[in-house]
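Same order as they appear, the protein sequences are chains C and P. With our numbering, letter number 200 in the first sequence gets 200, and the count goes up by one each step, no holes. With our numbering, letter number 143 in the second sequence gets 143, and the count goes up by one each step, no holes.
If you are wondering where the hints come from, they were derived from the structure by calculation, not from laboratory data. Watch out, some of these pointers could steer you wrong.
Okay, the calculated beta carbon distance ranges per label pair [said to hold, decoys possible]:
no., chain 1, residue 1, chain 2, residue 2, range
1, P, K42, C, E167, 34 to 42 Å
2, C, L33, P, F187, 37 to 45 Å
3, P, V55, C, V63, 42 to 50 Å
4, C, P73, P, R183, 47 to 55 Å
Derived PhoX-like pairs: lysine-lysine, alpha-carbon spacing no greater than 20 Å straight-line [said to hold, decoys possible]:
no., chain 1, residue 1, chain 2, residue 2
5, P, K169, C, K126
6, P, K169, C, K16
7, P, K182, P, K256
8, C, K126, C, K30
9, P, K42, C, K12
10, C, K137, C, K94
11, C, K151, P, K42
Residues from chain P that face chain C, not an exhaustive set, calculated with beta carbons under 10 Å [unchecked claim]:
no., residue
12, L162
13, Q165
14, K169
15, D173
16, D175
17, H325
18, L338
19, V371
20, N393
Think of the CB as a built atom: it goes at the ideal place given N, C-alpha and C, for glycine as much as any other residue.
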Amino acid sequence: MPINSFLGVFAKSPLKPLEDHINLVDKCSKGLLPFFQAVYAQDWKTAQETQKNISQLEKQADVIKRELRISLPVGIFMPIQRQDVLDLLTQQDKIANKAKDISGRILGRQLVIPVELQDSFMTYLKRCLDATNQATKVINELDDLLETGFKGRELRLVEDMIERLDEIEDDTDTIQISLRRSLLALEKDLNPVDVMFLYSIIEWVGELADISERVGSRLELMLAN
Amino acid sequence: MDIINNYGFVLIVVAAAVGFLMAWGIGANDVANAMGTSVGSKALTIKQAILIAMVFEFAGAYLAGGEVTSTIRKGIIDASYFVDTPELLVYGMISALFAAGVWLAFASYLGWPVSTTHSIVGAIVGFAAVGVSSDAVAWGKVGGIVGSWIITPAISGFIAFLIFQSAQKLIFDTDKPFANAKRYVPFYMGLAGFVMALVTIKKGLKHVGLDIPADQGYYIAIGIAVLVGIVGRWFISRIKLDANAQKDMQFANVEKVFAVLMIVTACCMAFAHGSNDVANAIGPLAAVVSIVESGGEIGKKAALVWWILPLGGIGIVAGLALFGHRVIATIGNGITHLTPSRGFAAELAAACTVVIASGTGLPISTTQTLVGAVLGVGMARGIAALNLGVVRNIVISWVITLPAGAGLSIIFFFMIKGIFAP
Numbered sequence: 001m002p003i004n005s006f007l008g009v010f011a012k013s014p015l016k017p018l019e020d021h022i023n024l025v026d027k028c029s030k031g032l033l034p035f036f037q038a039v040y041a042q043d044w045k046t047a048q049e050t051q052k053n054i055s056q057l058e059k060q061a062d063v064i065k066r067e068l069r070i071s072l073p074v075g076i077f078m079p080i081q082r083q084d085v086l087d088l089l090t091q092q093d094k095i096a097n098k099a100k101d102i103s104g105r106i107l108g109r110q111l112v113i114p115v116e117l118q119d120s121f122m123t124y125l126k127r128c129l130d131a132t133n134q135a136t137k138v139i140n141e142l143d144d145l146l147e148t149g150f151k152g153r154e155l156r157l158v159e160d161m162i163e164r165l166d167e168i169e170d171d172t173d174t175i176q177i178s179l180r181r182s183l184l185a186l187e188k189d190l191n192p193v194d195v196m197f198l199y200s201i202i203e204w205v206g207e208l209a210d211i212s213e214r215v216g217s218r219l220e221l222m223l224a225n
Numbered sequence: 001m002d003i004i005n006n007y008g009f010v011l012i013v014v015a016a017a018v019g020f021l022m023a024w025g026i027g028a029n030d031v032a033n034a035m036g037t038s039v040g041s042k043a044l045t046i047k048q049a050i051l052i053a054m055v056f057e058f059a060g061a062y063l064a065g066g067e068v069t070s071t072i073r074k075g076i077i078d079a080s081y082f083v084d085t086p087e088l089l090v091y092g093m094i095s096a097l098f099a100a101g102v103w104l105a106f107a108s109y110l111g112w113p114v115s116t117t118h119s120i121v122g123a124i125v126g127f128a129a130v131g132v133s134s135d136a137v138a139w140g141k142v143g144g145i146v147g148s149w150i151i152t153p154a155i156s157g158f159i160a161f162l163i164f165q166s167a168q169k170l171i172f173d174t175d176k177p178f179a180n181a182k183r184y185v186p187f188y189m190g191l192a193g194f195v196m197a198l199v200t201i202k203k204g205l206k207h208v209g210l211d212i213p214a215d216q217g218y219y220i221a222i223g224i225a226v227l228v229g230i231v232g233r234w235f236i237s238r239i240k241l242d243a244n245a246q247k248d249m250q251f252a253n254v255e256k257v258f259a260v261l262m263i264v265t266a267c268c269m270a271f272a273h274g275s276n277d278v279a280n281a282i283g284p285l286a287a288v289v290s291i292v293e294s295g296g297e298i299g300k301k302a303a304l305v306w307w308i309l310p311l312g313g314i315g316i317v318a319g320l321a322l323f324g325h326r327v328i329a330t331i332g333n334g335i336t337h338l339t340p341s342r343g344f345a346a347e348l349a350a351a352c353t354v355v356i357a358s359g360t361g362l363p364i365s366t367t368q369t370l371v372g373a374v375l376g377v378g379m380a381r382g383i384a385a386l387n388l389g390v391v392r393n394i395v396i397s398w399v400i401t402l403p404a405g406a407g408l409s410i411i412f413f414f415m416i417k418g419i420f421a422p
């Protein structure tokens, strides 16, 4: 037993690290904004720096993820299901991974976004990051949810937030469709391999919103238990 | 008989010394644990906690501490076995104190939150069963103690659950948690004051020579409760709303209100602890003194000699002030997600349980009630995480406390007997 084992009764709470983790993830995905600005300007040096920053944040998030996984042994009694916490963490982590992948892929190929697409792509990216941001906000409510014993007014508030997250995700889907259509119109003038990669980048950026939505729905499931 | 007459003073001095050791151990380990939740939730600083503990432990010991003494002294062993050989009872009580003190020191060193009550009970049972006769032990009472491993945490857990749930309903789960906190928290303070006052009046004040009739006692307790509530309300009204509380979440501010309440419950806890656990140190000591002073006669109910209670109180306070701060400091850094509102539910429940038990004369353990209360708050989904592995270890340490205390006291008993034997 550790020194002063009575206090050992209080295990390390999983909620705080969960919040820390998504805050880092959010910061990491927000790194895509300056990254794409650099890409638009074809300033590959700055792009490389911002990409490095993104991947560093992703690594920090990984550290929290690992610590949280280790610090949640079976014998811990929590107000929420253990498996739910781990699932939520995994989803959160995927956002950071995706942001890193997007920036890495673009940088690796020095992929240029066609000028005609740049504006609508930026709107699209921002909307997807809105989703991530909303997911972050929702997770940051966990503290207050705990305070109210996961029910009542606070629960409704969080459910509303999750609903808004779903709406944002719907938005990104619509933008994605129109973005694809614009790309289709430009296709014949572009390098076919680039076009393939552009499609997958558009899809990946969309996944930022998809996964964020999944974070929200995981939380919803968690609250339903 | 000769031994008591010849060595009476030496025996009293030895008993007082080991009694002080025992009280010291209680202060260093148990009290520090009891104050832990307040410090952990940052409602109190370590200095404040020590100060509160000093004042209220002593008050509890002095004002409400007399009742449990007789349970330990008379309930567990049958005094009639010692009528012809009172010196055996004297040796036994000294060795019991010594054994419990040593066990407590050992357990504290390892960080085990063992029950001081059960170490002394185990020790008394040990020397009585082996040194005298196993018939001298009231085994039914010992069985009751084993039962208390389950019952005490269950009671305090249940109370904690209720308190936490009521706070949820009245304060947290409402549209205006801050306003509601201001409105209702004084009532919780009043409740704490009421329980404390009632036990003091009903059980404790006899020792200082006051005897208040029952119905009058209730009125006084209600009066004190109201007074505590009003003072609490005044303190709460001085809390300023944080600027960024304009959003619909106000829980940070609500916690500030609870931090004020936490101070009251910390006082309550210290008081309860003093009233219950001082008896562990002074009960056997009082037995020794009364036997020696009466020249070997084991009286039915010996009056406490005036210096015994203060000795126990000072021992506890000294143990806490000189040793406790280390334990409390580790606590202060160790706890995560224990906010004032949750800590308060656990502490108030534990205090209520101890105070009630102290009133009815049950030898329960403060550590057990706290563990039970923490579990209760956890069950009410209040604490973010509990380590059940540690809970299991704590329960195991409770179980081994009885045999460990018994074993040590048997050894010491034969040693002391050998020293004084003619």
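Evaluation of the provided hints:
For the pair P/K42 and C/E167, the supplied restraint of 34 to 42 Å holds, since their beta-carbon distance comes to about 39 Å. Checking the proposed 37 to 45 Å range against C/L33 and P/F187 shows it is violated: the Cβ atoms sit about 51 Å from each other. Taking 42 to 50 Å as the suggested C-beta distance range, the pair P/V55 and C/V63 conforms, at roughly 45 Å. Between C/P73 and P/R183 the beta carbons are some 41 Å apart, a value that contradicts the proposed interval 47 to 55 Å.
Between P/K169 and C/K126 the CA atoms are separated by roughly 40 Å; this puts the pair beyond 20 Å, and the hint is violated. Using a Cα cut-off of 20 Å, the hinted pair P/K169 and C/K16 is violated, with the two alpha carbons roughly 25 Å apart. Between the alpha carbons of P/K182 and P/K256 the distance comes to roughly 10 Å, so the proposed pair stays at or under 20 Å and holds. At roughly 9 Å between alpha-carbon atoms, C/K126 and C/K30 fall within 20 Å of each other, so this suggested pair holds.
Proposed proximity of P/K42 and C/K12 is supported: the alpha carbons are some 16 Å apart, at most 20 Å. Proximity of C/K137 to C/K94 is assessed by CA-CA distance (about 17 Å); at most 20 Å being required, the pair is judged to hold. With a CA separation close to 26 Å, the supplied pair C/K151 and P/K42 exceeds the 20 Å bound. Annotation: P/L162 was flagged as interfacial toward chain C, and the flag is violated, the nearest CB pair being 13 Å apart, outside 10 Å.
A distance limit of 10 Å between C-beta atoms decides the matter here; for P/Q165 the minimum to chain C is near 8 Å, and the interface restraint holds. Using the Cβ-Cβ criterion of 10 Å, the hint placing P/K169 at the interface with chain C is satisfied: the shortest such distance is roughly 9 Å. Interface hint status for P/D173: upheld, as the beta-carbon distance to the closest one in chain C is roughly 3 Å, under 10 Å. At about 7 Å, the closest approach between the beta carbon of P/D175 and any beta carbon in chain C falls short of 10 Å, and the interface hint on this residue holds.
Here the hint on P/H325 is broken, as its CB sits about 13 Å from the closest CB of chain C, past 10 Å. Satisfaction of the interface hint for P/L338 is found here, the shortest Cβ-Cβ separation to chain C being roughly 6 Å, below the 10 Å cut-off. For P/V371, the shortest C-beta to C-beta distance to chain C is roughly 6 Å, which falls under 10 Å, so the interface hint holds. This hint holds: P/N393 has a C-beta 5 Å from the nearest C-beta of chain C, less than the 10 Å allowed.
Checked against the numbered hints given earlier, this structure breaks hints 2, 4, 5, 6, 11, 12, 17; the rest are met.
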